[in-house]
Amino acid sequence: MLGVSLQRTIRDLHRRRGRERRGLALAEGIRLVEEAVAAGVAIQGAAVAPALETTPRGAELKRRLGEAGVPLETVTDAELVSLADTEHPQGIVAVVSPPDWRLDQIMVGPRTVVLVLDGLQDPGNVGAVCRTGLALGAAGVLALPGTADLWNPKALRGSMGALFRLPSLHLAMEELTEWATRHRVALWATGPGGRPVGTVPVGGPIALVLGNEGAGITPGLVSRASETVSIPLHGEVESLNVAVAAGILLYEVTRDR
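So the mapping is simple: this note's numbering equals the position in the sequence shown, first residue as 1, plus 48.
Hints were generated in silico from the structure; no laboratory data involved.
One or more hints might be untrue.
Claimed, not checked - As a list, the in silico EDC-like pairs of lysine to aspartate or glutamate whose alpha-carbon atoms are at most 16 Å apart: (1) LYS202 to ASP133; (2) LYS202 to ASP170; (3) LYS202 to GLU135.
Kindly produce the complete structure, drawing on both the sequences and the hints.
Below, the structure is given as structure tokens:
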């Protein structure tokens with residue numbers, strides 16, 4: 049994957065169709081590529097610009113990638129901007145093979161909490177929710193149809209590498225309900241009108257369903273939920289950012305477990 053081939057691949061991976069066809073994703077920036085290396089993610093190649101070596105961390109990362117045998121293609125800073133998803137890239141865009149997570153990698157036990165994303169459309173929110181999930185002990189993230197691609201470059205950056213470590217996958221509604229029934233995982237819908245989350249006893253594994261930023265949770269999914277929980281808000285605030293809400297909900301359902 050060298051020369052024009054690498055650059056063509058990077059451009060193709062900005063599209064969901066390209067990522068799905070190739071089974072690859074983009075890791076942009078020093079921190080995210082460092083996280084990929086630390087998680088043992090295979091790096092297929094990287095475009096690097098002079099800006100990468102202007103910091104000790106960047107220079108060290110380039111050295112490590114070279115020693116690991118990762119194909120590196122040197123481009124100009126301007127060329128890297130044309131390949132990157134951000135306006136001010138940090139000198140590196142890497143092509144990675146993301147983990148091929150499966151449902152059976154989510155270990156279900158009495159204390160398990162899983163996050164279900166129902167139509168979250170902003171990839172930045174999706175990534176931030178995954179990062180929150182990893183930080184607060186979620187066992188995995190399940191993305192229903194209508195949710196942004198988990199391997200969208202913005203989602204991957206928003207996760208700060210959490211998607212390299214936390215089992216996260218797309219699945220259909222029927223797959224979710226079959227999995228939840230088989231493992232006796234209670235579906236908890238989240239939204240206004242539900243019982244305050246801290247007052248609801250947690251008696252076993254649960255899946256917290258987070259809805260679309262504007263429309264909320266799909267009515268058909270709400271009807272399948274055994275509980276609806278909410279976060280009491282004060283003042284005239286009607287809602288919270290979904291990643292902030294995920295953090296509060298996870299803290300409440302896991303703090304006494």
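Do the hints match the structure? See the list:
| no. | hint | result |
| --- | --- | --- |
| 1 | LYS202 to ASP133 | holds (8 Å) |
| 2 | LYS202 to ASP170 | holds (9 Å) |
| 3 | LYS202 to GLU135 | holds (12 Å) |
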